[in-house]
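Asker: Chains X and H, in that order, are what the protein sequence lines are.
Number 234 marks the last residue of the first sequence (this note's numbering); no jumps.
Number 457 marks the last residue of the second sequence (this note's numbering); no jumps.
Since the hints were made in silico from the structure, they are not lab data.
Hints are supplied without guarantee of correctness; some may be wrong.
Mimicking SDA-like on lysine to any residue, the simulated pairs with C-alpha atoms at most 25 Å apart in a straight line are [as the list claims (entries may be wrong)]: (1) H:Lys363 - X:Ala166; (2) X:Lys133 - H:Arg364; (3) X:Lys99 - H:Ile352; (4) X:Lys133 - H:Leu433; (5) X:Lys99 - H:Leu366; (6) H:Lys363 - X:Glu198; (7) X:Lys133 - H:Ala278; (8) H:Lys363 - X:His106; (9) H:Lys363 - X:His94; (10) H:Lys363 - X:Glu8; (11) H:Lys363 - X:Thr109; (12) H:Lys363 - X:Gly140; (13) X:Lys133 - H:Lys363; (14) X:Lys99 - H:Arg273; (15) X:Lys178 - X:Ala166.
These numbers were taken from a predicted model, which means no experiment stands behind them.
Chain by chain, the residues run as shown.
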Amino acid sequence: MNNPATLEATIEFRRGSFSLNTHFALTARWTVLYGASGAGKTTLLRILAGLTQPATGSIRLGESQLLETSHSISLPPGRRRMGFVLQQAALFPHLTARKNIAFGLHQWTRPAREARTEELLHMFEMDTLVARKPRQLSGGERQRVALAQALAPRPELLLLDEPFNALDAATRAFVIEKLRAIDVPVLYVSHSVADAWEINADVLLLEAGRIAAQGPTRTILAAQRGQLLAQLQS
Amino acid sequence: MDTQAIFVTIRLAAVTTVVLLLLAVPLAYWIVSTRSRLRAPVEALTTLPILLPPTVLGFYLLVLLGSRTSIGRVWVHLTGHPLAFTFTGLVIGSVIYSLPFAVQPIVAGFSSVDTALIEQARILGASRKRILTGVLLPLSARSIAAAALLCFTHTVGEFGVVLMVGGDIPGATRTLSIAIYDQVQDFAYAAANRTALLLVLISITSLILLYAWRGAYAGARHE
C-alpha cells in the first residue's frame with residue numbers, strides 16, 4: 001500500500017519551443033527525477049520551488065496548497081517550506097559557514113537559531129569550519145554547508161539539483177548517508193543512471209517535458225541498463 | 235583662498251552625497267528587480283542629467299522652485315522664503331544633477347550579484363528588504379563607495395546648475411567653481427589658479443582612490 005502523497009503536482013509550462021506538461025505525485029521518501037539534459041528537470045524544480053511561474057498548474061505539499069492557478073494562488077518561495085540545493089552551492093560569499101546556515105532562521109528566537117545551527121554543524125561534521133567563508137571551503141565542504149542551510153528551517157521537501165556531481169565518492173556517500181538519516185522527503189535530480197541506481201529510490205522519468213514513467217529504479221531504468229554498465233566499466 | 239567657498243563646497247558635496255545615496259539605493263533596487271514598463275522611462279530620466287547642458291537643467295529647476303509653481307508656493311508657505319538662491323535649493327539642484335552618478339554604479343553593483351544568491355535568499359524566506367540589506371548591499375559595497383566618491387567629486391566641480399539655481403551668495407551658495415569665475419572676472423588670476431589647483435587635487439585624489447579600490451577588488455577576486 002502506498003504512503004499518502006508528499007507532493008502532488010500538475011504543471012503546464014511553455015517557454016519558446018520547450019514545453020513542460022506533467023502530472024505526478026511523490027509517495028516515497030526519496031524520488032529521483034531522472035532525465036537527459038534539456039528534459040526539463042531543473043525547470044520543474046524551479047516551478048516547484050516557486051522561482052518560475054507556470055501558465056497553469058496546481059501544487060500541493062502535504063496539507064498546503066502551494067499553487068492553484070485557477071484560484072490565483074501562488075505562495076512565494078519562502079512560504080513553500082522547501083529546501084533547494086544546486087549543483088553549484090549558492091552560498092552567500094560575505095557570510096561565514098555558520099551565518100550561511102542560519103540565514104533562513106531569521107524569524108526564530110536566538111537560542112533556537114543557535115541550537116539548530118549547532119545541530120546541523122555537528123551533523124555534517126563542520127564544527128571546525130564555522131568561521132570560514134565560502135571561498136575558504138573546498139567543494140565538498142561548500143555542499144555540506146549548502147545542505148545544512150537548506151535543511152535548517154526544517155523544510156517539508158528537499159529539492160536537490162545534481163548537488164553531488166562534483167563530490168568525491170567518500171564525501172558523496174557521507175552526505176547521502178546523513179540525508180537518509182533525516183526525516184525529510186527528497187526529490188533528487190539526476191541525469192546519471194549510476195546515480196539513480198546507487199540511490200535506489202522511486203524514479204520519475206522525465207522525457208522532453210513529459211513524465212514518461214514512474215516507479216522503482218530497477219523497473220523504470222531497466223532499459224538504461226546497458227548505459228549503466230558502460231558507465232560502470234568506464 | 236576663499237575659505238567660505240571651500241566650506242560651502244564641502245558641505246554641499248557631503249549633503250548631496252548622503253541624500254543621493256538614500257535616494258539611489260532604493261531606486262537602483264527597484265530598477266534591477268522590477269518588470270514594470272516604467273523601468274525604461276525611469277532609467278532614461280535618471281540618466282538625462284548627463285546629457286542635458288547644466289544651464290538647461292538649472293533653468294528648469296529655477297522655474298520649478300520659483301513662486302510661480304505649486305511646489306515653489308508650497309515651499310514659501312511652509313518656510314517663508316523661496317527655494318531658489320538658497321543652500322537647500324542648491325542641494326536639490328545638485329542631487330538631480332548628480333543622480334546618474336549615484337544610480338548607475340549602484341545598478342551595476344546590484345546587477346553583478348549572482349541571481350542564484352537572490353533566489354536562495356527568497357527560498358530561505360528573506361523579504362525584499364532583507365535581500366537588499368543582507369545580500370545586495372554587502373555584496374555591492376564597493377559599487378556604493380564608488381558611487382559616493384563620484385557624487386562627492388562631481389558636486390565639488392559643479393558650475394552651471396549651481397550658478398543658475400544658487401546664484402553667487404558668499405557663505406550661502408558661492409562654491410569653489412563660482413569663486414574661480416568671480417576671481418577671473420576680477421582679473422585675480424593668482425587666486426583663481428590656487429582655487430583651480432585645489433579642485434584639480436580633490437578630483438585627482440578621488441579618482442586615484444576609485445581606481446585603487448577597483449584594483450584591490452580585482453586583485454582580491456583573482457586570489
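Asker: Which numbered hints does this structure break?
Answerer: Result: hints 1, 4, 6, 7, 10, 12, 14 break, sorted rising.
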